[in-house]
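Colleague: Sequence:
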Amino acid sequence: MAQNIPVKLVGLRSFLNDTEFATADITLPSLTQMTDTLSGAGILGELDLPSPGHYSSLELGVAWKTINTGVFSIAGAEEASMEFRGAFQEYEVNKGLVTKAIKIVIRGHSKGIDLGTLAQNAATDTSNTVEITYIKIFIEGSSVFELDKFNYIFRINGKDALYDVRKALGYN
1 MAQNIPVKLV GLRSFLNDTE FATADITLPS LTQMTDTLSG AGILGELDLP
51 SPGHYSSLEL GVAWKTINTG VFSIAGAEEA SMEFRGAFQE YEVNKGLVTK
101 AIKIVIRGHS KGIDLGTLAQ NAATDTSNTV EITYIKIFIE GSSVFELDKF
151 NYIFRINGKD ALYDVRKALG YN
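For what it's worth, full-length UniProt numbering labels the leading residue of the sequence shown as 1, then goes sequentially.
It cannot be assumed that every hint is accurate.
Okay, derived cross-link-like pairs now, SDA-like style, lysine to any residue, Cα gap no bigger than 20 angstroms in a straight line [stated by the list, open to error]:
#1 K8 x T126
#2 K167 x F15
#3 K103 x T23
#4 K136 x H54
#5 K100 x G86
#6 K103 x I132
#7 K149 x T126
#8 K167 x G141
#9 K103 x K136
#10 K149 x D164
#11 K103 x K65
#12 K136 x L97
#13 K136 x P52
#14 K111 x T126
#15 K159 x G141
#16 K100 x F145
#17 K100 x I26
#18 K149 x Y171
#19 K111 x F15
#20 K8 x I132
#21 K65 x D114
Estimated spans, in silico, between C-beta atoms of each pair [claimed, not checked]:
#22 A122 x E46: 29 to 35 angstroms
#23 T66 x E90: 42 to 48 angstroms
#24 N4 x T117: 37 to 43 angstroms
Treat the hints as calculated values from the structure; they're not laboratory data.
In this text, all values refer to a predicted model and were calculated from it rather than measured experimentally.
Idealized CB from N, CA, C, for every residue including glycine.
Produce the complete structure using the sequences and hints provided.
Modeller: Right, dumping it as structure tokens:
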């Protein structure tokens, strides 16, 4: 049986500290797990094994059409809380196009602002870069990914991959 075929994002709402804001584009982070190389007796060559929950720097990009107050709301020294709600279309066999909800919750700190270019009759292409410390992704209301770098939380599809680590460290 054919699976649903993802088509496109058809709607997006963005919130900063619970207040809606408009942006041109959101660039989500690349999720790159940190690894250690294992080699030695019993292994042919080398093997890079991931350290569960340990990810390289996670950067979020917020692209604006022009310089506006939202640019500077994200740029403060305090942690910013952002939420993105999207409507994806998928093609389901025997049903046609259906809409699915995605929600992404992010907390992080400003890494900088690119003010862009001032040119008459053109967008400035101003952007913020945010270092993410927390991210949680929901699809159709179900949590599919959660990473909290300060609290040793790493869950994929509801499975708590760091429960034993937190227990060993006295978190539970």
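Colleague: Hint check: K149 vs D164, CA-CA at most 20 angstroms. Holds or violated?
Modeller: 16 angstroms, holds
Colleague: Please test the hint of 29 to 35 angstroms on the beta carbon pair from A122 and E46.
Modeller: Since the Cβ atoms of A122 and E46 sit about 50 angstroms apart, the hinted range of 29 to 35 angstroms is violated.
Colleague: Can you confirm whether the C-alpha distance between K136 and L97 stays at or below 20 angstroms?
Modeller: 26 angstroms, violated
Colleague: Is the Cα-Cα distance between K149 and Y171 20 angstroms or less?
Modeller: 14 angstroms, holds
Colleague: Does T126 sit within 20 angstroms of K149, going by the straight-line distance between their CA atoms?
Modeller: Status violated; Cα separation ~28 angstroms.
Colleague: K136 and P52: Cα distance at most 20 angstroms?
Modeller: Within the cut-off at roughly 16 angstroms; holds.
Colleague: Does the alpha-carbon distance linking K103 and K136 stay inside the 20 angstroms limit?
Modeller: 8 angstroms, holds
Colleague: Is it true that the CA of K103 sits at most 20 angstroms from the CA of I132?
Modeller: Distance of about 16 angstroms is within 20 angstroms: holds.
Colleague: Are K103 and K65 close enough, with their CA atoms no more than 20 angstroms apart?
Modeller: Answer violated: K103 to K65 is near 23 angstroms, above 20 angstroms.
Colleague: Does K111 pair with T126 here, judged by a C-alpha cut-off of 20 angstroms?
Modeller: 14 angstroms, holds
Colleague: K103 and T23 were given as a pair; does the straight-line alpha-carbon distance stay at or below 20 angstroms?
Modeller: 16 angstroms, holds
Colleague: Can the restraint linking K100 and F145 be considered satisfied, given a maximum Cα separation of 20 angstroms?
Modeller: 17 angstroms, holds
Violated hints, in rising order: 1, 2, 7, 8, 11, 12, 20, 22, 23; the structure is consistent with all others.
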